[in-house]
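Number of protein chains: 2
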Amino acid sequence: MTRFVNRSRPHTESGARHLDEAAENDPLFIRATARTMMVLSAFHETDRPMSLSEIARAAGLDRSTTQRIVHTLRQLGYLQRDPHDRGYVPGIRIYDHIFDAMRLNRQLQPAVPLLLDLRRNVNERVDLSLIDDTRLVYAFRLPPKREVLHAMMVGLSVPIYCTSAGWSVLSRMPEDEARDLIRRSDRQRYTAQTLIDEDAIMAEVEKAGETGYAVAVEQLLPGEIAIGAAVTNTLGRPVAAVTISGLSSDWTPEEFARAVSPSLMQTVAAIGRA
Amino acid sequence: MTRFVNRSRPHTESGARHLDEAAENDPLFIRATARTMMVLSAFHETDRPMSLSEIARAAGLDRSTTQRIVHTLRQLGYLQRDPHDRGYVPGIRIYDHIFDAMRLNRQLQPAVPLLLDLRRNVNERVDLSLIDDTRLVYAFRLPPKREVLHAMMVGLSVPIYCTSAGWSVLSRMPEDEARDLIRRSDRQRYTAQTLIDEDAIMAEVEKAGETGYAVAVEQLLPGEIAIGAAVTNTLGRPVAAVTISGLSSDWTPEEFARAVSPSLMQTVAAIGRA
DNA sequence: TATAGCTGTATCGCTGAGTGATACGCAAGG
DNA sequence: CCTTGCGTATCACTCAGCGATACAGCTATA
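For the record, the sequence lines run as chains A and B.
Counting with our numbering, you get residues 11 to 284 for the letters of the first sequence.
Counting with our numbering, you get residues 11 to 284 for the letters of the second sequence.
Just so you know, the hints here were simulated from the structure itself, not pulled from any lab data.
Mixed in with the good hints there might be a few duds.
Said to hold, decoys possible - If you anchor each label on the Cβ, the simulated ranges turn out as follows:
hint: 1; chain 1: A; residue 1: P263; chain 2: B; residue 2: S63; range: 28 to 38 Å
hint: 2; chain 1: B; residue 1: R41; chain 2: A; residue 2: D72; range: 47 to 57 Å
hint: 3; chain 1: A; residue 1: R58; chain 2: B; residue 2: D57; range: 33 to 43 Å
hint: 4; chain 1: B; residue 1: A279; chain 2: A; residue 2: R130; range: 31 to 41 Å
hint: 5; chain 1: B; residue 1: D57; chain 2: A; residue 2: S74; range: 32 to 42 Å
hint: 6; chain 1: A; residue 1: P232; chain 2: B; residue 2: V227; range: 43 to 53 Å
hint: 7; chain 1: B; residue 1: R193; chain 2: A; residue 2: Q276; range: 32 to 42 Å
hint: 8; chain 1: B; residue 1: G246; chain 2: A; residue 2: R96; range: 36 to 46 Å
hint: 9; chain 1: B; residue 1: A284; chain 2: A; residue 2: P263; range: 55 to 65 Å
hint: 10; chain 1: A; residue 1: R268; chain 2: B; residue 2: R194; range: 54 to 64 Å
We put the CB at the ideal spot given by N, CA and C, even for glycine.
Assemble the whole structure, with the sequences as input and the hints as a guide.
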């Protein structure tokens, strides 16, 4: 399920060493704060409850330090013991923070009603994602009538280099910046169709630059066709993206674009203006 | 908008002092970890970007400590400067953690398709919320066709004592436990109809104990009618709740219950079994 | 144009908070 | 039986975090 999850991980193992280096020359850097977040981030790499030792290993810390941090986070409600199984899982207090993050995000608030309108027009799945360097983070998802897959995907992230939304985002950047981002990406083939060659990707980006949207067929998931367009701020910089996705068996790329791209373009323009 | 938000706040001002007391006798308690989470929690109390001093005040810390923690969290992507305005806002890295919390929550995974089915049957809003002591935290929300209000409410929390879902949750607890929870709640009148008297609330709880569901009219929001039922684990303990809500102008409580309670009860039973 | 108050940033000596090695009781599995 | 992993608890050392202090830049009020 999380096969195509693309976490940014500055705080795990190799990342931990990097942070310690950064801390050496930075008198304002608090190691304990970083370690705390490393413990919380340990759960990125698992799909079941984690024991103390597992957390320690994933976070790159020793058992004692992990014990203390886990103990403290447990007191505060950010971690809890799994009621059924052994081990620890993220606690409910996390939900408060995502609520803050969404509430205080300037892009999201005005976008919601616009996305609902869009979904009304096109009866496929509609997603809004935010840009975080080389990845897109899903912030909002509206399932279609016939939902097959997972629907609660807030926080799921996908790569920029091989998604329709990503290509449209790249098309709104200067070329050298886009190429640099592609090079920094950890490119892998999720399907046989996944593009990983820089120039091949840039060809899609250029097409997106002309039409305003990009269409991707089975880049990330078999059977999926997606069309994406970037939301830009008043300076023309991409800040988010909207994706509409359906089944590749239902549409040719051309039909799909003809059917939904007008509504899509109208929506991203409206969000950018809001 | 956040008028009825009901944050649990163990780490702010008076809460901070409480934590320091706890830390004195607890050799495993890391002050720096708690302080880090206090800084992140500072955003619970605002609806706009916060300056360093504002964060410090909200978190109950001095400016220097806040500076260092904010600096560190910024390096890690948990805080960022607001691009338009001054000040800091939560960063995008938060999204990774909510994804973990949802992914690893045993209640949520099997519930999603069941909730989609439920929404198909009843054309009103459907919510799933998790229990956190005296409050219910929204984990999943499916908007109806005609959505009026805010739709992306993951992490929003509402009180247990004056909601339909809350009453149904209380009805699945021993009476003394339920009464204790009500007493510990910070009861306030959100509307003229809001029940705050312990015995009045317990009367609704008893009704819910008989029928299995509770109906609340304009308890939290004017014009809202809601029906809620608890999800219980195999031991009979309440672990979550499902709510269906509509407009009180469209339904009498009896009609509403007759129309949707069968589907609702079927859904919560199925989630509990999953 | 002072000036007062805010912002974010930077410096620095002191000390106790955090560290990490170590140990213990318990439960599961062989 | 022994082993291995779990969560928990203890303790002396020391350097990481502390918090007082200072400063440049920006806004707004006087």
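Hints versus structure:
Range check, P263/A to S63/B: Cβ separation about 53 Å, and the 28 to 38 Å hint is violated. Look at R41/B against D72/A: about 19 Å separates their beta carbons, and that is not inside 47 to 57 Å. For R58/A and D57/B, the Cβ-Cβ distance of about 37 Å falls inside the hinted range of 33 to 43 Å, so the restraint holds. The supplied range of 31 to 41 Å is met by A279/B and R130/A, whose beta-carbon atoms lie about 32 Å from each other.
At roughly 40 Å, the beta carbons of D57/B and S74/A sit within the given window of 32 to 42 Å. In this structure the hint that P232/A and V227/B lie 43 to 53 Å apart at CB holds, the actual value being about 48 Å. The hint said 32 to 42 Å for the Cβ distance between R193/B and Q276/A, and at roughly 53 Å that hint is violated. In this structure the supplied range 36 to 46 Å is violated for G246/B paired with R96/A, their Cβ-Cβ distance being about 23 Å.
At about 38 Å, the CB distance of A284/B to P263/A disagrees with the hint of 55 to 65 Å. The hinted range of 54 to 64 Å is satisfied by R268/A and R194/B, whose Cβ atoms lie roughly 59 Å apart.
Hints 1, 2, 7, 8, 9, counting from the list given before, are not met by this structure.
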